[in-house]
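Visitor: Now for the letters of each chain:
There are 2 protein chains.
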Amino acid sequence: MKEQDKGKSGLTRRNFLTLTGEALVAGGTVLGMGSAADALTAKPAPAAQNSKMAAEPFWGQHQGGILTPQQRHTYFAAFDLPDAKREDVIGLLQEWTNAAARMTAGQTAKPFAQDASQPGPDGGEALGLPPERLTLTFGFGPTMFESGGQDRFGLKSHRPEALVDLPHFNGDQLLDTRTGGDLSVQACSDDPQVAFHAVRELARVSYGAAQVRWVQAGFMPGYGPNETPRNLMGFKDGTSNPAPGNPHDMEKYVWVGHEGPDWLQGGSYLVVRRIRMALEHWDRMSVGFQEQTVGRHKYSGAPLGSKDEFDPVDLDANDKDGNPIIPDNAHVRLAMAASNDGARIFRRPYSYNDGVTFTSERWPPWRQGMEYDAGLFFVSYQQDPRTGFIKIFDQMSKLDMLNQFVTHNGSGIFACPGGVAKGEYIGQRLFSG
Amino acid sequence: MKEQDKGKSGLTRRNFLTLTGEALVAGGTVLGMGSAADALTAKPAPAAQNSKMAAEPFWGQHQGGILTPQQRHTYFAAFDLPDAKREDVIGLLQEWTNAAARMTAGQTAKPFAQDASQPGPDGGEALGLPPERLTLTFGFGPTMFESGGQDRFGLKSHRPEALVDLPHFNGDQLLDTRTGGDLSVQACSDDPQVAFHAVRELARVSYGAAQVRWVQAGFMPGYGPNETPRNLMGFKDGTSNPAPGNPHDMEKYVWVGHEGPDWLQGGSYLVVRRIRMALEHWDRMSVGFQEQTVGRHKYSGAPLGSKDEFDPVDLDANDKDGNPIIPDNAHVRLAMAASNDGARIFRRPYSYNDGVTFTSERWPPWRQGMEYDAGLFFVSYQQDPRTGFIKIFDQMSKLDMLNQFVTHNGSGIFACPGGVAKGEYIGQRLFSG
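Those protein sequence lines, which keep their order, are chains A and X. Under my numbering, the first residue of the first sequence is numbered 42, with each subsequent residue one higher. Under my numbering, the first residue of the second sequence is numbered 42, with each subsequent residue one higher.
Any given hint could turn out to be false.
Intra- or inter-copy, both count: the list cannot distinguish identical chains.
[Unchecked claim] Straight-line alpha carbon distances no greater than 20 Å define the calculated SDA-like cross-link-like pairs of lysine to any residue that follow:
#1 Lys348 to Ala157
#2 Lys151 to Asn450
#3 Lys151 to Val328
#4 Lys151 to Lys463
#5 Lys126 to Gln191
#6 Lys348 to Arg193
#7 Lys126 to Gln469
#8 Lys348 to Gly263
#9 Lys126 to Lys348
#10 Lys432 to Asp414
#11 Lys126 to Asp290
#12 Lys361 to Ala462
#13 Lys293 to Arg193
Hints are computed from structural coordinates only; laboratory data are not their basis. This one's a predicted model, so the numbers in the text were calculated from it and none came from an experiment.
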């Protein structure tokens, strides 16, 4: 990669703008921005004054966007590589690394050079915006390694055992246009335009090598850092998530270690699911029924029969008639490690809101019409999907009472390589291995 | 409306939560929230400490969400009234008024009363979130007054002359599922979940009377209050908008005055357009071509040939060969008041981002595949659409070079009544007139 592009430039999208306003077109003379940029000294963003200015590190042991405190917005994209050769994929990953390092620092995707006869080095819709904690997280799908029996890029022998094809789960209604992909890119940022801009720039430099297969935008409500956010069903979501601040749990449940291939160490497996919620239907259920379905109290978030959100979930507690207080098919019971031989995954979900589409509900309260295409863009990281998402969701897909209100219509599994050291490109150790 | 619901309650969604955590389920006893709420004294939200806490006024001369400084997110919904009678519509507007007054103050949609045997008084997904400057803006479409020759609600004689059906514009590709509607509700808030929650609650109380026809979510990037935001084409958008701080312009261009019917005075006409942008195509154009198309410089926002964003647009300036510096079919030229007999409208647009759909571009650079369904959710207010949007867009739809990159596929026109006084319901003067 072109290290010099990065090293020289303290030119962020924000001070770039000052420059264009005051100097770039002064006297009608258009300056090449390269030299203007050289003249600027690097100034760290004033993060202490404004957290919006904060930039997340791009280089490091792990990719950003996994344990990074969750940003408010995401734009996820899965790409296919229909005509690419091995060297095209390498070239693409090199370009993506360069652009990602720049954009996460609040810079334009490529170094700025004013040349009106060419497309801009950056689409420009994030000019003047700070980094807004942008992270870009990259993953490789099973079809990168093998597709239709073909060893497309000479990577077949490197396919990790754990990178299985997801099985068909009970109730799956997966749409081909929302499922799979050779490569995944997840942009997360506190500004939706910064997140979209980042993916769009990566897509732009991929013309000819990669093409967009499917995308999903998502958002998080503005709860405080010590509050568990509520999802669109109105319940707190994430109470029992492993704590990113607990290194032991992260090593055990999230990061690939020595059991995995070298290129994947310090990485993780991503499983995403697009889960539409029958919100109109849910909204007509009694609060008591909703709580029995979830297994938690709606307002406090406490497990049924308990008082505080973080009270332990007692799966063995019975009511006076001897029935379990937390029903056998309650969501929380089926999701718990104790019900899944200790399996845990790290969830980093977003809500999504894609308008309305025509839907029929063929059961009481019967209705048909335009219904919300909204719900959860489920994002999970795990050390091994076989003992993570697949293990947990296999029984949930059959038994969870919540299934009555949700439909999984999109899905993907990707191996996210470890972090990138300066001078490397994303996934380099896979291609040099 | 039930004024007592509002008068009593200083209980916001935020202090409600403290209450549930600490007292509501204490000792296993579930308190009715009515009495608990009564015991609380009203505390104004600490707006000075945290602007997120700020609540926009609901009652007043004008509806909120028109001149309100633009919030970061919107959720717009158009509703139909397929089976409603006049009294159903009145009842609905009364319910909507109550709920809107509560939610814009950061309260639950209906007064809280814990009864697990019933659906909740509020779906709950905004519990614990501050108002985030929520506004709700209501409008009446032409079909409220007359549809298929029928005087559905006894309102036909009250249809304002200016509430015309929008003509078919050159290039219109309007989808029935994104166009029209008897009623419009636009929620705007700095939190996307607060905006969606508000519309969803209004939809919920409308079961049986109204049904959702189409919706559109949108967002604004996080530019500062004195910066013109960039749209998804990377250009500053809104430089020449009339200033909300200029009362003369607002009276002249935005608010309906004595020329309109009594119920509409202090109101405005809303025209919305869903404008998809061919972003992949746009991204491949040279910056110079983009600037000729728009008529402004991309980076500074200045009119072509000028230096500063707010420099006047000189439509008569020619280059040394005698050609206009701002091309005849440049977007900015055709949109200007000077090109439209002085017509101006107040724009309050959002960007939208609805994933990707299969698209063919049958011209160079030829491509087909999954392309962004993203662009502009154009929102405009005006005193009279005949001399506002229709006047301006008629020639733009035929001549604007930007049309090569945009497709209008959704549309609506609505008369937004004046603001609501306490004790009134939205549009009351229409039904009592």
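Visitor: For each hint, tell me whether it holds in the structure or not.
Guide: Each hint tested on the structure:
1. Lys348 to Ala157: The answer is between: 16 Å across copies meets 20 Å, while 64 Å in one copy does not.
2. Lys151 to Asn450: This pair counts as neither: shortest intra-copy Cα distance 36 Å, inter-copy 33 Å.
3. Lys151 to Val328: Classified as between; 15 Å across copies, 52 Å inside a copy.
4. Lys151 to Lys463: within (17 Å within a copy, 55 Å between copies)
5. Lys126 to Gln191: within (13 Å within a copy, 64 Å between copies)
6. Lys348 to Arg193: neither (55 Å within a copy, 52 Å between copies)
7. Lys126 to Gln469: Within. Shortest intra-copy distance 16 Å satisfies the 20 Å Cα cut-off; inter-copy 67 Å does not.
8. Lys348 to Gly263: neither (24 Å within a copy, 39 Å between copies)
9. Lys126 to Lys348: Answer is neither: 58 Å inside a copy and 46 Å across each miss the 20 Å cutoff.
10. Lys432 to Asp414: Cα proximity of Lys432 and Asp414: none, with 28 Å in one copy and 36 Å across.
11. Lys126 to Asp290: Close neither inside one copy (39 Å) nor across copies (60 Å); limit 20 Å.
12. Lys361 to Ala462: neither (60 Å within a copy, 53 Å between copies)
13. Lys293 to Arg193: neither (33 Å within a copy, 65 Å between copies)
In terms of the numbered hints stated before, the structure departs from hints 2, 6, 8, 9, 10, 11, 12 and 13, listed from lowest to highest.
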